[in-house]
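Construct the entire structure; sequences and hints are all you get.
Residue numbers (our numbering), protein chains in the order written: chain A, 1 to 336; chain B, 337 to 672; chain C, 673 to 1008; chain D, 1009 to 1344.
Since the hints were made in silico from the structure, they are not lab data. Be aware that a few hints might be false.
Calculated lysine to aspartate or glutamate pairs in the DMTMM-like style (CA-CA distance at most 20 angstroms, straight line) [unchecked claim]:
{"#": "1", "chain 1": "B", "residue 1": "K598", "chain 2": "C", "residue 2": "D945"}
{"#": "2", "chain 1": "D", "residue 1": "K1270", "chain 2": "B", "residue 2": "E587"}
{"#": "3", "chain 1": "C", "residue 1": "K934", "chain 2": "B", "residue 2": "D596"}
{"#": "4", "chain 1": "D", "residue 1": "K1270", "chain 2": "C", "residue 2": "E923"}
{"#": "5", "chain 1": "A", "residue 1": "K262", "chain 2": "D", "residue 2": "D1281"}
{"#": "6", "chain 1": "B", "residue 1": "K598", "chain 2": "C", "residue 2": "D942"}
{"#": "7", "chain 1": "C", "residue 1": "K877", "chain 2": "D", "residue 2": "E1251"}
{"#": "8", "chain 1": "B", "residue 1": "K598", "chain 2": "C", "residue 2": "D932"}
{"#": "9", "chain 1": "C", "residue 1": "K889", "chain 2": "C", "residue 2": "D857"}
{"#": "10", "chain 1": "A", "residue 1": "K262", "chain 2": "D", "residue 2": "D1278"}
{"#": "11", "chain 1": "C", "residue 1": "K676", "chain 2": "C", "residue 2": "D719"}
{"#": "12", "chain 1": "D", "residue 1": "K1280", "chain 2": "A", "residue 2": "D260"}
{"#": "13", "chain 1": "C", "residue 1": "K890", "chain 2": "C", "residue 2": "D858"}
{"#": "14", "chain 1": "C", "residue 1": "K944", "chain 2": "C", "residue 2": "E768"}
{"#": "15", "chain 1": "A", "residue 1": "K262", "chain 2": "C", "residue 2": "E915"}
{"#": "16", "chain 1": "B", "residue 1": "K541", "chain 2": "B", "residue 2": "E654"}
{"#": "17", "chain 1": "A", "residue 1": "K53", "chain 2": "A", "residue 2": "E42"}
Just a sample of chain C residues kept apart from chain B, beta carbon distances all over 12 angstroms, derived [claimed, not checked]:
{"#": "18", "residue": "R809"}
{"#": "19", "residue": "G905"}
{"#": "20", "residue": "Q956"}
{"#": "21", "residue": "Q964"}
Ideal Cβ placement from N, Cα and C applies to all residues, glycine included.
4 protein chains.
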Amino acid sequence: MTLKIGVIGTGMIGRDHTRRIQQVLAGAEVVALSDVNLASAESVRADLAPNAKLYETGEALIAAPEVDAVLVTSWGATHEPYVLAAVAAGKPVFCEKPLATTAEGARRIVEAEVAHGKRLVQVGFMRRYDAGYLALRQAVQQHTGAPILVHAAHRNPAVPEAYVTPMAIHDTLIHEIDVFRWLLDDDYVSARVLYPRNAARSHSKLRDPQVVVLETKKGVLIDVEIFVNCQYGYDIQCEVVGEAGTARLPEPMAVALRLDAKRQSSILTDWKDRFVASYDVELQDFIAAASQGGATGPSAWDGYAAAVTSDACVQAQESAGQAVAIELPARPALYE
Amino acid sequence: MTLKIGVIGTGMIGRDHTRRIQQVLAGAEVVALSDVNLASAESVRADLAPNAKLYETGEALIAAPEVDAVLVTSWGATHEPYVLAAVAAGKPVFCEKPLATTAEGARRIVEAEVAHGKRLVQVGFMRRYDAGYLALRQAVQQHTGAPILVHAAHRNPAVPEAYVTPMAIHDTLIHEIDVFRWLLDDDYVSARVLYPRNAARSHSKLRDPQVVVLETKKGVLIDVEIFVNCQYGYDIQCEVVGEAGTARLPEPMAVALRLDAKRQSSILTDWKDRFVASYDVELQDFIAAASQGGATGPSAWDGYAAAVTSDACVQAQESAGQAVAIELPARPALYE
Amino acid sequence: MTLKIGVIGTGMIGRDHTRRIQQVLAGAEVVALSDVNLASAESVRADLAPNAKLYETGEALIAAPEVDAVLVTSWGATHEPYVLAAVAAGKPVFCEKPLATTAEGARRIVEAEVAHGKRLVQVGFMRRYDAGYLALRQAVQQHTGAPILVHAAHRNPAVPEAYVTPMAIHDTLIHEIDVFRWLLDDDYVSARVLYPRNAARSHSKLRDPQVVVLETKKGVLIDVEIFVNCQYGYDIQCEVVGEAGTARLPEPMAVALRLDAKRQSSILTDWKDRFVASYDVELQDFIAAASQGGATGPSAWDGYAAAVTSDACVQAQESAGQAVAIELPARPALYE
Amino acid sequence: MTLKIGVIGTGMIGRDHTRRIQQVLAGAEVVALSDVNLASAESVRADLAPNAKLYETGEALIAAPEVDAVLVTSWGATHEPYVLAAVAAGKPVFCEKPLATTAEGARRIVEAEVAHGKRLVQVGFMRRYDAGYLALRQAVQQHTGAPILVHAAHRNPAVPEAYVTPMAIHDTLIHEIDVFRWLLDDDYVSARVLYPRNAARSHSKLRDPQVVVLETKKGVLIDVEIFVNCQYGYDIQCEVVGEAGTARLPEPMAVALRLDAKRQSSILTDWKDRFVASYDVELQDFIAAASQGGATGPSAWDGYAAAVTSDACVQAQESAGQAVAIELPARPALYE
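Given below as structure tokens:
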């Protein structure tokens, strides 16, 4: 009853997911690998999955009869065709962010899946599997009363020179965009972007920090600070204000030190450490559902909604504080 | 060398300041009292200042030769004429908020004081004397690097039915308006108000909560949540985000309990308890300066700036998310 | 390369470890089950390990050729003979606490393992695998300077009526006894027990709370409060005081709520939730070492040291505040 | 109605109390000063109390008709005779720690005061006036249920070379000795001292750290770590464990910073800053009671109990972990 998985794209994240399946998680094994750079796939096979077969193309891997389910961890522009191929083959597919590079592309996947008639796609929004967000969601449902406001921050110590203003949406805010829809069980209706002066460490092609303001159908107002040159650490903050009280995302576990005239606790500096445990959980969830021939967790519809919202936020970045409307078509019954 | 003080207005706050001067602070005594309701003044005299003389009018009290300095704690609409009279008499005057009910009124006081040629007026913005804000300001100056963003919240458990939308500015935000100018050593250039859905406990004449967004000359972007039906407590939050790190206003002192499966600490529920110590400090500061014949602390100019900003915020409340410009004339040299 | 595991004892913990191996961890499968109550083993097979073979006795299971490694999760009195049998068979064995019910029994296992010449035994002291203790140990090694004092507490909300004074050592303190040896890389030289008045919820056969004071070879003084009727929650506290500073065991992750005039966070009430993640890690560690034919982690020697220390603590419980010496023979080279 | 105070001893603390009375507190003035070093008294007069009269001896000051009440802030060995003289003169007297240098001396004061028939003496145990301890006491009375255990620590960053082992009791623990009697409304019955290895920064005449264990009449067990070379700061910790929960002394107010990959808050390093506000409150309390001709707050009996307990603790320091009994005579009705 071991799920046989094929991995398309063996870069950093593909290699890491392969390690997870082979060495950490129960119930699955990697039986097929593919990468545009065959040497990369060869290396992952040698290190982690000696019994896996190599395929020249992702399409061939998807078609292979021994492959039960597919992981798409290749370059973003290739996600859409691979996911569409997996859906066409009726095989469960886990796709890393983004589901597609355009909202239209994501919508094509939604349409294909709807036509197929049951869920096959899980998108790699791992925060939904983070113990902190799960606890926050439960606290909101049980204690705060209905949400009215969300105050959030997404801070990185620094970014490479190539990081420019729209990437603050596509690469950074994208996580908040998805996880707040899930946290609030809600959808967005508008986005607005406000800028303070630029941080001294930023540059002419990057407005940093920025504050994105989102409104939801239920009337929740969300402000998210994005600050990718904050220097002090990788820090994800989220406070939900409800009718009766507030709830705040737990801080990562840290030893409390008293040292050098300071009470102090470490803050992470590498984003890869922040949600590391949630990658295990999301993939275990994929294995469980794919073993039954389907998919649960973040859906193609969630990936589409994130793409539409991202587009609106980027437009809002250029709209001088004006609200940009966010409109989604009716949600297909498959995703209710 | 005891400073002889006359108090105009012997309601709750006038009585409390009289108690402070008579029983808590060094260097001053209340020698004169006045109130439109003479019985009230009589009662304060009986309880707290048996040697004080009663005056039928504030003007007479100001003119009395034994009065060295004046406290104006009467009804808001009377502040302007009393302060102007004190300035005309060359006597230091402490005036509770608001300095005047209109920006024009506040400006007349500024002009009178400038004409007089030295500072005589202190406005009752007590947060500048709070140990928490003082520590925050020091932390910003020493540790965070130059400020870029401020995230703040001003929450009350509930308000009376008569509290309507503009009061969220005049009665509530007014404290943040002043204290952030001081905290950041900056001035405002625009205000914007954003609304989520109304809280269930609010009513048709009160938009609650609301988020006020202020921009400053130096480019700092400030968001302040005002939520006067938050139910859970009186809670003042302030986080400054600077170039190198963040600093957060200390929580009020509280015992850490482990009880009933919860780590827990009390939150205050009555605003009167939150800054109670700062009233002592601000009045002691007034006594010190007035004993030298002048005034320090929050100035008439600060009162004027707060009035201008309040007017813009109220206008922004009716402007559907649009920014309203805030313009101040050049600051007179007296207030540099 | 899947490790084939036989499980002796299919009660609560044996069932849970079987689930772990079958559904959560990579690299192993349960191929054999045994229990004095065969129906219990039958039920675990049906629910979790349909391919496992049932054995009438633990000895038969240990001898079975398809069994690579053994889990001993049976009744405490049977641990010693099963572990000895596994060592005699040269098979890696994971044994839940206690390694044996007497120090002499534990010593017999040490001697058998030493005679065998390499490590085969891992004892189920899971706290060494807890992320919090691991972080604390790192903090002590990197930040606090050499330890001088440890202040600790082990609190349960309540215990069954059958829980009597010595169980505070054997069932409760046993975890601290092991984890502090590891945390400090040290051994004990004496134990002392001090009693306050009894808690109202306790009874005549249970002194509760009590404070156990341990001294180590390196001169560290450790005080541990044991309070098994503390009412408010299951709470494990540990603060290490070193030459330059202090470090405190992290609190379990919890949402920070502001509600009902309180800042509040949940405290666990069920001990099973407190170190749940560490069971996964300890068993994964066993699988990794057993796959290489050996064992790492808490050793038979650690089990023996814990047994000797427990005996001294129980003696100290009856010694009216006097210190009882703790003496261990020289540590065999196998355990250096 | 201004209370006229004479100050005996114008060193650091005498000067500071004079400043308090003259510049901070209401209702009193310093009218007389005395010091063995007349130049010191002269300097305090010049700086702070120009209208005060200088006296050659404390006895003369006490006898002076214009002196309503006396502050004894001279060298410890002189406290007893000055306090006895004040009691003999029927004048309220505030005496800094220690009330007397021996338990017998303190008892003579108790007997004199009892003979006088009403309270005149307040001892300078300022922690009872600290807002943190007051809040802790209230929490214990309202929330934790009856106390069973107290875990405490008194840490200084460093001490002068002349600081030797008994000073850990007389100069350091003395504050805990008094404040826990008040906190618990209880008396001590035994003391025991336990030592870990010496800290590297300590020296041959100072055992540091040490743990003092006190038992009370009501059966509370108290452990207090004294560590006067802890390096990292001046840190006072206190946790009360009651029948239903625990309460912890609040940390001093501090800004929460996120900086340099750390969440951090300052710890004080100078003991003079830790309870600074409580000095104002204790003296204001003295002024209030002395204005009525009596005394409240920490009594001569409290000073006597502290002296008896200190003696037992010092004896326990030399008793190798044995408990030393603490016996007080029956409490005179005056102190009920």
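Hint check results:
1. At most 20 angstroms may separate the alpha-carbon atoms for a hinted pair to count; K598 of chain B and D945 of chain C meet this at roughly 15 angstroms.
2. Distance check on the hinted pair: K1270 of chain D and E587 of chain B sit about 19 angstroms apart at the alpha-carbon level, within 20 angstroms; holds.
3. For a cut-off of 20 angstroms, the pair hint linking K934 of chain C to D596 of chain B stands: about 13 angstroms separates their Cα positions.
4. For the given pair, K1270 of chain D sits about 17 angstroms from E923 of chain C by alpha-carbon distance, which is consistent with the 20 angstroms threshold.
5. Distance restraint check for K262 of chain A and D1281 of chain D: the Cα-Cα separation of roughly 15 angstroms lies within the 20 angstroms cut-off, and the hinted pair is therefore satisfied.
6. Under the criterion of a C-alpha separation no larger than 20 angstroms, the hint pairing K598 of chain B with D942 of chain C is consistent with the structure, at around 13 angstroms.
7. The suggested pairing of K877 of chain C with E1251 of chain D holds, with an alpha-carbon distance near 18 angstroms, which does not exceed 20 angstroms.
8. Proposed proximity of K598 of chain B and D932 of chain C is supported: the alpha carbons are some 13 angstroms apart, at most 20 angstroms.
9. Distance hint between K889 of chain C and D857 of chain C is fulfilled; the C-alpha atoms sit about 10 angstroms from each other, no more than 20 angstroms.
10. The suggested pairing of K262 of chain A with D1278 of chain D holds, with an alpha-carbon distance near 13 angstroms, which does not exceed 20 angstroms.
11. For the given pair, K676 of chain C sits about 18 angstroms from D719 of chain C by alpha-carbon distance, which is consistent with the 20 angstroms threshold.
12. Taking the CA atoms of K1280 of chain D and D260 of chain A, the gap is about 18 angstroms. The hint holds against a cut of 20 angstroms.
13. For a cut-off of 20 angstroms, the pair hint linking K890 of chain C to D858 of chain C stands: about 7 angstroms separates their Cα positions.
14. Restraint check: the Cα-Cα separation between K944 of chain C and E768 of chain C comes to about 15 angstroms, which is no more than 20 angstroms; the hinted pair holds.
15. A threshold of 20 angstroms between alpha carbons decides the hint, and for K262 of chain A with E915 of chain C the separation of about 15 angstroms falls inside it, so the pair holds.
16. For the suggested pair K541 of chain B and E654 of chain B, the alpha carbons sit about 13 angstroms apart, so the restraint of at most 20 angstroms is met.
17. Taking the CA atoms of K53 of chain A and E42 of chain A, the gap is about 9 angstroms. The hint holds against a cut of 20 angstroms.
18. In this structure R809 of chain C is separated from chain B by more than 12 angstroms, as the shortest Cβ-Cβ distance comes to about 24 angstroms.
19. For G905 of chain C, the requirement that its beta carbon stay farther than 12 angstroms from each beta carbon of chain B is not met, with the minimum near 5 angstroms.
20. Look at Q956 of chain C: its CB is around 31 angstroms from the nearest CB on chain B, clear of 12 angstroms, so calling it non-interface holds up.
21. Under the 12 angstroms C-beta cut-off, the non-interface status given to Q964 of chain C relative to chain B holds; the minimum distance is some 43 angstroms.
In this structure, only the earlier hint numbered 19 is contradicted, and the remaining ones agree with it.
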